[in-house]
Amino acid sequence: MSRWFVPISAAGLQENNDWKSRILKEIEIAIENYVPCEKLNCSCHKAVMEEDLSVFEKGINKHQIAQIQSKGTRYQVIKGKLYRDHNCHFPARCAGVEHYLTALAPKLPNLEVIINTRDWPQLNRLWGHLPAPIFSFSKTKDYYDIMYPAWSFWEGGPAISLYPSGIGRWDKHRNSINAAAEKWPWKKKIEKAFFRGSRTNEERDALVLLARLSPDIVDAQYTKNQAWKSDARVQLLPTYDIGKLDEGLRCSNSGQRHDKDKTVGAARAAHPPVG
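FYI, full-length UniProt numbering numbers position 202 of the sequence shown as 202, with every residue one higher than the one before it.
It is possible that part of the hints are untrue.
[Unchecked claim] Taking lysine-lysine pairs in the BS3-like style, the calculated list, with each CA pair at most 25 Å apart, reads:
id	residue 1	residue 2
1	Lys58	Lys39
2	Lys25	Lys183
3	Lys20	Lys39
4	Lys172	Lys20
5	Lys183	Lys71
6	Lys141	Lys58
7	Lys141	Lys46
8	Lys107	Lys39
9	Lys39	Lys25
10	Lys39	Lys192
11	Lys79	Lys107
12	Lys107	Lys81
13	Lys107	Lys189
14	Lys62	Lys79
15	Lys39	Lys141
16	Lys62	Lys81
17	Lys192	Lys20
18	Lys172	Lys183
Everything labelled a hint here was simulated from the structure, so no lab data went into it. Computed from a prediction, not measured in an experiment: that's the story for all the values here.
Use the sequences and the hints to build the structure in full.
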């Protein structure tokens with residue numbers, strides 16, 4: 001089978017090596033400093049909550065709320081009932097958020113909160129953004145965003161044929177995922193990279209195209225949900241076939257954890273459900 005090789009300039013190669021060295025160093029430091037957490041009453045996440053909220057110890061003002069109105073969806077709890085702005089960037093994700101907030105509302109005081117349902121955080125410290133209390137499910141230490149559990153614990157995850165409204169109910173999926181992981185231990189995996197995901201940006205095109213050229217080393221396909229479509233060449237690529245999902249369990253490097261007929265984004269599995 002023929003393979004394509006793209007020449008890389010000396011400057012590009014050096015930049016790639018520098019980036020690789022930095023990432024590997026960060027991984028080494030994280031592994032060295034890792035301390036297993038006792039999973040009692042969400043105590044594993046206490047430090048994250050305290051750090052994210054520490055910047056607001058002196059209070060929150062109207063100006064801070066105003067600066068994030070356009071960055072998320074506004075929710076209010078008034079006399080134990082939950083209210084939301086009419087507009088929501090991702091309705092399915094909002095539905096997952098509202099499942100938990102509705103259950104919590106009777107126990108909460110009157111409040112107003114802005115929740116970001118996008119995949120990326122909003123307020124970067126290094127870019128000069130001012131702190132404001134916006135909740136995001138994904139962030140790094142460089143952002144002021146406040147971490148919250150992902151909506152997909154109930155619904156609003158990747159939309160595939162078996163789950164057209166989006167994968168949810170992680171309380172059930174985590175059991176089937178663990179069973180599938182036991183079925184395919186590391187020693188039984190084949191040496192092949194595996195990826196299923198939407199085309200959120202063009203950077204993923206290279207991987208999907210590589211899979212067509214070298215299917216012996218990469219199995220990568222796009223799903224249909226929330227895909228960004230612009231390049232006709234990539235739109236012609238086959239989208240995700242639900243019947244072949246279980247094949248990914250045999251791969252040694254999977255873009256997502258999954259079992260037969262189910263897929264779960266590994267990054268979002270880290271946060272527990274609310275309530």
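Is it true that the CA of Lys172 sits at most 25 Å from the CA of Lys183? This hinted pair holds, its Cα atoms lying about 18 Å apart.
Measure nothing beyond the straight line between the CA atoms of Lys39 and Lys25; if it is 25 Å or shorter, mark the hint as holding. Violated: Lys39 and Lys25 sit about 28 Å apart, past 25 Å.
Verify the proposed pairing of Lys183 with Lys71, using a straight-line Cα cut of 25 Å. Cα-Cα ~43 Å, so violated.
Do the alpha carbons of Lys62 and Lys79 lie within 25 Å of each other, as the hint requires? 21 Å, holds
Hey, Lys25 versus Lys183, does the alpha-carbon distance stay inside 25 Å? 33 Å, violated
Verify the proposed pairing of Lys20 with Lys39, using a straight-line Cα cut of 25 Å. Roughly 33 Å separates the two Cα atoms, so the pair is violated.
Lys141 and Lys46 were given as a pair; does the straight-line alpha-carbon distance stay at or below 25 Å? With a Cα-Cα distance of about 15 Å, the restraint between Lys141 and Lys46 holds, given a limit of 25 Å.
For a C-alpha distance cap of 25 Å, please report whether Lys107 and Lys189 respect it. 47 Å, violated
Hint check: Lys79 vs Lys107, CA-CA at most 25 Å. Holds or violated? 10 Å, holds
With the threshold set at 25 Å, check whether the alpha-carbon distance from Lys62 to Lys81 stays at or below it. 22 Å, holds
Keeping to a limit of 25 Å between CA atoms, is the pair of Lys172 and Lys20 held or broken? The given pair, whose Cα atoms are some 37 Å apart, is violated under the 25 Å limit.
Are the Cα positions of Lys39 and Lys141 separated by 25 Å at most? Roughly 23 Å between the alpha carbons, so the hint for Lys39 and Lys141 holds.
Hint compliance for this structure: hints 1, 2, 3, 4, 5, 9, 10, 13 are broken, all remaining hints hold.
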